[in-house]
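Participant: Taking the hints into account, I'd like the entire structure generated from these sequences.
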Amino acid sequence: MSESASSIRYINRPHPVTGVTNAKLGIWCFLASEVMLFGALFSTYLLLRTGSASWPHGPATLNVPLATLNTLVLIFSSVTMVMSWASLATGNFRKYRLYLGLTALMGCVFLVVKGFEYGHKFEHHHFPAASTFYAIYFTLTGLHGLHVIGGIAVNLYFLFRGRVLWQRDPERLTNRIECAGLYWHFVDLVWIFLFPILYLL
Amino acid sequence: MSGHADPGLPFWRKYIFSTDHKVIGVQYAVTGLLFLLFGFGLATLIRWQLAYPGQPLPLIGGWFAESQMLGGIMLPEFYYQLGAMHGTIMVFLGVVPLAVGGFGNFVLPLQIGAPDMAFPKLNLMSYWLYFIGGVIMFASFFVPGGAAQSGWTSYPPLSVIASDGQTWWLIGMAFLINSSLLGSVNFIVTIVQLRADGLSFGRLPFFVWAQFVTAFLLLLAFPPLEAAAVLQLMDRLAHTSFFMPSGLVINDAVVNISGGGNAVLWQHLFWFLAHPEVYVLVLPAMGIVAEVIACNTRKPLYSYKGLVLSAVFIGFMSFIVWAHHMFLTNMGTVMSTFFQVTTMIISIPSVVILTVLVLSLWGGAIRFNTPMLFAIAFLPMFGMGGLTGLPLGLAASDIHLHDTYYVIGHFHYVVAPGTIFALFAGIYHWFPKVTGRRMSETLGKIHFVPSFILMNCIFFPMLMQGLAGVLRRMYDPLQYAHAQAAQPLNVFASAAAWLLALAQIPFILNFFGSLFWGRKTGENPWEATTLEWAAPSPPPHGNFLEAPHVYRGPYEYSPPQAKSGFWPQHVKDPR
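Chains A and B, in that order, give the protein sequences.
The numbering used here applies: residue 1 is where the first sequence begins, and numbers increase by one.
The numbering used here applies: residue 1 is where the second sequence begins, and numbers increase by one.
Incorrect hints may have been included.
[As the list claims (entries may be wrong)] From chain A, some residues computed to sit far from chain B (all C-beta separations above 10 angstroms):
1) 9
2) 59
3) 178
[As the list claims (entries may be wrong)] Derived pair list, reagent style BS3-like, types lysine-lysine, alpha-carbon separation capped at 30 angstroms:
4) B/305 x B/121
5) B/445 x B/299
6) A/24 x B/121
7) B/14 x A/24
[To be verified] With the C-beta cut set under 8 angstroms, the calculated list includes, among others, these residues of chain B facing chain A:
8) 118
9) 188
10) 193
11) 224
12) 240
13) 269
14) 492
15) 518
No lab work stands behind these hints, which were simulated from the structure alone.
Backbone N, C-alpha and C fix where the C-beta goes; we use that ideal spot for every residue, glycine too.
Facilitator: Here it is, written out as structure tokens:
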């Protein structure tokens with residue numbers, strides 16, 4: 001792209017001072033606000049727990065083995081996400097599709113496992129209204145699940161419609177996958193915090 | 001208007017779903033102005049009930065539904081809807097969209113010499129999320145039970161057991177929060193990445209600095225309110241008990257919920273947003289006033305560095321003062337002391353900014369045009385708003401003033417004759433840039449003088465009522481005997497409010513009339529130095545005919561080298 005007076009700069013090329021492209025700075029800002037969103041919910045959890053007379057023990061109420069499986073699934077998906085970006089950066093488009101597809105698939109596996117967990121809770125009439133423990137459990141994991149769905153949607157977009165950018169502007173697609181990856185890692189990271197505070201403590 | 005968008009696009013892509021920051025800025029500004037008018041309309045209805053409680057509203061009383069006014073007499077439910085929605089609409093749908101979405105979008109890329117915002121499509125989405133949020137808020141008046149009626153602060157447990165309007169309010173807020181989130185990301189990236197060559201941070205106009213700090217406040221303070229909105233939605237729809245304590249009794253019956261929640265938690269989450277929000281309302285206004293004052297005193301600002309450092313310091317401090325809204329929640333003296341100390345600290349940079357702006361007037365060859373009048377009026381009005389805040393920031397005096405009309409008077413002084421006057425200054429100042437035509441000076445002054453007087457006639461009595469112990473949010477202002485002595489003040493303030501509505505007519509005439517009949521201007525009618533005046537008026541798609549290069553700071557007025565009396569940032573040699 002030519003950089004005339006009327007085109008936006010630093011879409012592909014990093015800014016010489018900040019060292020990042022526009023999109024990368026943007027996604028970091030977005031993630032900062034996400035930290036505040038989940039931070040507020042974690043604070044809510046702390047406040048409700050410290051303010052309550054009794055609080056259920058995680059392993060006694062929730063399914064730790066399934067959650068451990070889900071943790072491993074998400075960590076694995078983070079690895080494949082990095083691999084798909086690295087494949088693009090080294091020009092291997094076929095491998096990119098393989099790894100990105102795997103990432104999306106792992107996201108779906110996570111949701112299916114989570115769905116089984118939810119279903120099991122509903123069978124025993126453990127709805128959000130049952131107690132503040134279940135309320136915060138369903139809110140935190142539900143909001144995290146929505147973020148996973150969002151991530152899968154982004155990955156599927158780049159797997160199908162978004163990938164045509166490869167012919168026109170490979171560098172830009174690589175940058176986009178890097179940003180999508182940053183988001184995906186963030187969603188994983190939230191789970192890494194959710195897992196111990198809800199299931200183990 | 002015609003010049004703004006990419007000329008190759010069809011009409012709906014050019015003006016409705018445009019990605020051009022100037023069109024989006026105008027969309028934000030016009031929508032924001034309409035909501036300001038609507039919110040003001042709600043306030044004039046509130047003023048009727050306060051001045052003449054229980055009397056039928058003349059002329060238009062019959063237009064309302066029976067659930068709102070029975071035979072023209074306002075019902076309590078409708079009064080509380082008016083109060084809650086006046087606050088919500090003025091803050092979230094009026095002032096912020098106009099100050100940040102409107103002025104920020106239009107002026108900021110021009111002032112930094114950028115062709116557009118960093119993410120034009122995100123910008124488009126940001127506006128339309130705001131628009132949908134606004135429609136949801138507006139539509140909530142028509143759902144069964146009416147709009148939200150738990151105050152703009154929506155404190156539980158009342159808000160959790162309120163009618164469906166509250167659910168609409170929460171969903172509308174979610175849209176507005178996501179809109180400003182996208183907007184703030186866009187602003188930060190644009191300022192960091194897209195400044196023109198030579199435009200270092202030390203040469204940024206103060207308006208850009210103000211928007212920069214504001215964007216960080218929006219980015220980091222709004223998500224906790226989004227979390228709070230999610231939790232309150234869960235309480236309302238899934239019947240959880242995040243904010244509902246155990247053993248809650250409503251209408252002599254224990255509510256059938258699990259309990260264990262904490263109503264004060266909402267207040268913490270809400271004010272964690274809503275205090276930075278105060279600075280979201282004020283910082284862009286200060287930015288506009290600084291621009292207008294520097295340009296119309298024809299001299300550099302007294303201390304540019306003082307302004308910038310204060311704005312950044314305000315940004316940091318505004319995150320650790322929120323609980324001064326909650327001195328009455330039994331949070332303990334240690335917490336109260338902490339928050340009253342931080343509150344006193346944050347008043348210092350605000351005073352520095354105000355002092356710098358006042359000192360900037362000293363020795364200037366002041367042009368008393370309409371934007372300058374509004375900007376000068378901002379200074380004492382914001383000063384009164386700020387100073388009346390000090391007794392509220394000290395826990396001991398706040399106990400007496402909390403939830404009285406003193407609070408209402410205080411923050412209206414900050415926002416109404418403060419921020420909104422600054423926004424008017426901005427409209428008169430940048431109108432020639434947006435349209436290529438000037439607004440009428442005569443009508444502008446006819447707008448300014450009565451507005452200035454009447455604003456004080458409305459809000460000063462509120463301070464007096466508050467000191468007399470009159471409570472806010474009372475449907476019947478005569479319910480308590482001690483408030484009856486203050487009732488004549490209500491009648492006086494209400495009359496002033498209705499006259500203030502009339503005083504806006506010259507502005508509306510001026511605004512639309514000048515679009516067609518205003519005097520045509522060149523690119524720099526005010527002989528200003530910042531970059532937006534280097535672009536044609538109105539600026540074409542892409543803004544600048546050639547990418548500008550910046551050689552110096554923003555306020556080089558009356559430098560000894562330049563015979564013309566000003567030395568624009570992009571001009572290399574003095575003229």
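Participant: Now, for every hint given, state plainly whether the structure supports it.
Facilitator: Here is what the structure says about each hint:
1. Non-interface call for residue 9 of chain A relative to chain B: violated, since the shortest CB-CB distance, roughly 6 angstroms, does not exceed 10 angstroms.
2. Every CB of chain B is more than 10 angstroms from the CB of residue 59 of chain A (nearest about 21 angstroms), matching its label as outside the interface.
3. Its beta-carbon lying about 16 angstroms from the closest one in chain B, residue 178 of chain A satisfies the requirement of being farther than 10 angstroms from that chain.
4. A threshold of 30 angstroms between alpha carbons decides the hint, and for residue 305 of chain B with residue 121 of chain B the separation of about 34 angstroms lies outside it, so the pair is violated.
5. Of the pairs offered as hints, the one joining residue 445 of chain B and residue 299 of chain B holds, with about 24 angstroms between alpha carbons and a cut-off of 30 angstroms not exceeded.
6. Distance restraint check for residue 24 of chain A and residue 121 of chain B: the Cα-Cα separation of roughly 16 angstroms lies within the 30 angstroms cut-off, and the hinted pair is therefore satisfied.
7. For the hint pairing residue 14 of chain B with residue 24 of chain A, the CA-to-CA distance comes to about 28 angstroms; that is within 30 angstroms, so the pair holds.
8. Interface restraint check: residue 118 of chain B against chain A, minimum CB-CB distance 4 angstroms, threshold 8 angstroms, status holds.
9. For residue 188 of chain B, the suggested interface contact is upheld, since its CB lies about 5 angstroms from the closest CB of chain A, less than 8 angstroms.
10. Using the Cβ-Cβ criterion of 8 angstroms, the hint placing residue 193 of chain B at the interface with chain A is satisfied: the shortest such distance is roughly 5 angstroms.
11. Interface hint status for residue 224 of chain B: upheld, as the beta-carbon distance to the closest one in chain A is roughly 4 angstroms, under 8 angstroms.
12. Contact between residue 240 of chain B and chain A, as hinted, is supported at the beta carbon level, the nearest pair being about 4 angstroms apart and thus within 8 angstroms.
13. For residue 269 of chain B, the shortest C-beta to C-beta distance to chain A is roughly 6 angstroms, which falls under 8 angstroms, so the interface hint holds.
14. A hinted interface residue such as residue 492 of chain B counts as satisfied when its beta carbon comes closer than 8 angstroms to some beta carbon of chain A; here the least separation is about 43 angstroms, so the hint is violated.
15. Because the smallest distance between the Cβ of residue 518 of chain B and any Cβ of chain A comes to about 27 angstroms, over 8 angstroms, the interface hint for this residue is violated.
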